[in-house]
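Trainee: Residues per chain, in single letters:
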Amino acid sequence: MATATGIYHRTYKAELALRHTKAEFARLIIMAAALVAAPSVLDSYWLGIVNTILIAVIGAVGLNILVGFTGQISLGQGGFLAVGAFTSALLSTRAGLPVPLSLIAAVLVTAVIGAMFGLPALRLKGLYLAIATLASQEIILFVVKRWGFLTEDKGYVDVPRLNIFGWQIERETFETQWYWVLLPITILAVLAARNIFRTGLGRSFMAVRDQDIAAEAIGVNLTRAKVTAFAVSSGFAGLAGGLAAHYTEIVTWERYTLDVSVLYLAMIIVGGLGSVAGSVYGAIFMMVLPPILTDLAEALQDTAPFLSDQLPAIKNAVFGLAIIVFLLVEPRGLDRIWSRVKDYVRFWPFRY
Amino acid sequence: MSTFLSLTVYGLADGAILALAALGFVLIYKATQVINFAQGEFLLVGAYLFYTCFVIFRLPLVVAVVAAAALAVLLGVLVERFILRPLVGENAISVIMVTIGLSSVLKSLVQLFFGTSVREQPKILPTTQVKLLGVSIQLDRLLAIVIAGIVLVGFTIFFRRSRHGIAMRAVADDQPAALTMGISVRRVFALAWALAATSALIAGVLLADLSAVDQNIAAFGLVVFPVVIMGGLDSVPGTIVGGLTIGLLKSYVSGYADAGLAEVIPYIVLTGVLMVRPYGIFGETRIERV
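Chains as they are written, first to last, in my numbering: chain A, 1 to 352; chain B, 1 to 290.
Bound-form chain A, shown alone:
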C-alpha cells in the first residue's frame, strides 16, 4: 500500500510482488502500449533509431552488470561487442549455422573470452584494472583487424539479410520486422539482468563491489564472482554485438574502437551505475542525442550555418559535456533523477 509516508506491505506475498503500487502498474501498461504502438507511429528513420537503441540497451545492461553492480571498471566493451559480431557473422555465413544458433554461439564465445580477459581482475583493482581492460580492447581489435582469414582479406564481413527458418526480412518493412525481432530479445535480456540480482550470485556481485575483502571474509568466492561477472557481462555484449552484425549486415573493426567502449560507459554513467533501468535510460539518452543534434543543426541552418559544418565536433563536445555535467550534478544518473521526480509527486504538497 502506497501512502505519502512510504510503501507498506500487509502480507509477505505482497512484499514479494514485483510491482507494488497502482502507479507502477499504470506505468507498465503505458509503456507496453507505447512499445506496441511504436512501429505504426514512428517513420522508418526513427524506428531505425529505436532499433539501435534496443541493441544498445542489451550492451549497456551487460556493462552495468560488470561496472555498476560488481565494481570492476571495464574499457573493453567495444572489443567484446566485436567478438560477438564476428562470431555470429562468421558462423552464420561460413559455417551456415541458422542465425538463432549463431547468436547463441556468439553469446557463449564472448562470455568465455570475457572471462579470460577478466582473469587479471583477480589481482587488479580500480585504476590498474581499467588500464588492463584497455589493453584487452586494443588486443581484440588488433586480432580482428589483422587476422586476414577472418574477413577473407577484405577487411569486412558481409552478412546476408536476416532469414530465420524461412521468415525473411523484406526491404520495405525492414525496420518494422527488425523491431519485432529485437523487442522481445531486449525485454528478455533486461528481465534476465533484473533477475540475476535476485539470486545469490547477483548478491555476491554487489558484495564484491561494496567491499571485496569483507565479501571474501563472509564467504563469497571472489574468484568465482569476478570471473562470472566478466562472463555474464560479456555474454550480454556478445548478444548485442551479434544482433548488431545481422542488423547492420556488415561487420568491420571500425565499429568497435575504444570510442565505442567509452560510449557504453557514458550510457551507464548518464543512466545510473548499478541500476538496470538506468542502463536503459542511458542507452536511450546517448542514442537519441546525435539525431536530435543533427535535426537542431538543420533547423538552424539559415541563422547559424556553422553549426551544420561543425556537426561532428559539436556532437563530440556535447557528448563530453553530458558526461561531465552528469558526473558533477547527478553522479547517480537519470535513474536517480526519475526517482526524485516520483518522490516529489508522491509527497506533494509536502517537501519530503
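Each statement offered as a hint is correct.
Restraint-style ranges between C-beta atoms, simulated for each label pair:
| hint | chain 1 | residue 1 | chain 2 | residue 2 | range |
| --- | --- | --- | --- | --- | --- |
| 1 | B | Phe4 | A | Leu201 | 51 to 57 Å |
| 2 | B | Thr127 | A | Arg171 | 54 to 60 Å |
| 3 | B | Met275 | A | Trp147 | 21 to 27 Å |
| 4 | A | Glu172 | B | Leu78 | 49 to 55 Å |
| 5 | B | Arg85 | A | Arg351 | 28 to 34 Å |
| 6 | A | Trp167 | B | Arg85 | 54 to 60 Å |
| 7 | B | Gly182 | A | Asp309 | 51 to 57 Å |
| 8 | A | Glu254 | B | Ser136 | 35 to 41 Å |
| 9 | B | Arg163 | A | Ala214 | 39 to 45 Å |
Just a few of them, taken from the derived set where beta-carbon distance is under 10 Å, the chain A residues facing chain B:
| hint | residue |
| --- | --- |
| 10 | Val67 |
| 11 | Arg123 |
| 12 | Gly126 |
| 13 | Leu129 |
| 14 | Phe142 |
| 15 | Lys145 |
| 16 | Asp259 |
| 17 | Leu265 |
| 18 | Ile269 |
| 19 | Leu273 |
| 20 | Pro312 |
| 21 | Ala313 |
| 22 | Val318 |
| 23 | Ile323 |
| 24 | Phe326 |
Please keep in mind that the hints were generated in silico from the structure rather than gathered at the bench. For glycine and all other residues, C-beta sits at the position ideal for the given N, C-alpha and C.
Let chain A serve as the given structure and place chain B on it in line with the hints.
Mentor: Chain B in isolation, oriented as in the chain A frame:
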C-alpha cells in the same frame, strides 16, 4: 648495424617524448589519485597553443613557448578547480569517466577552432643530417632526446630537493598527515595539474615538430598507459625507464617485424607485466586494510 642504430635513436626520441607525457600523468596520479585519460588531449592542446602563439600571432620562439606554457598552466588549474575538485572522494569510475568526458571536449574544441587538416608549422629543431658512428641521423631526433632528458632530470630534482616538490610527495604519501603539517593540499593539487599541463605542452610541441601539427597527437596519449604501468603509476624515475623501453620496443618491432604489430605490442607487454606484478615494475605495493 646501421638500421639498428637509427631504430635505436628513433625509439629513444619517441620514448623520451612518451616519458614526458607519462610524467604529467604520474604527477597528477601521485598527488591527486586521478587517472587522467585526457593526457593525450593535453598534448594536443599544448601543440595547438604553441602553434597559435608561434605561427598565427608570429611571436618570437621563446616568447611563444612562455605564452603557450602560461595558457597551458591556466588550463590545467581551471580543469582541476572546476572539474576534478568536485569529484574528490567519488569512486574511481566517476573520476575516470570525467577525464574521458574532458578528453572528448578538448579534442572537439581543437577541431572546432582549427579543423581536421594538418597545419603547417616551420621546423623549430634543425633537421640537418649528422653522422653518428657512421650512420646519418636527423639532428632533431637527437635534440628531442636531449630536451626531454633535461626536462625529466629537472622534474626529478624538483621532486627530490625543492620545497614544493617535497610538499607534493608528502601529499601523495598521506593527505591528512600533510594537512596537519600545514601543507595546502589544494595548492599542491593545482600545482600538480599545472606541472602536468606544462610537461604535456613540451611533449606536444616536440611531437608536433618531429611529425606534424594535427589531431593524431592525441592518439599518442593512449600509449602513455603501457608506459606508466611498466613504470608503476606513482614512480617518476619509472616513467623514464618505461617510456624508453616502450619507445625502443615499438621502434624495433616496427623496424624488424611490422608496423601494425608495433601498435599493439605495448599492450601485450602491459598485460604481461600486470599478470606478474600487479602494481607495475617500480610501483609501490599497497597493503589494504578493511
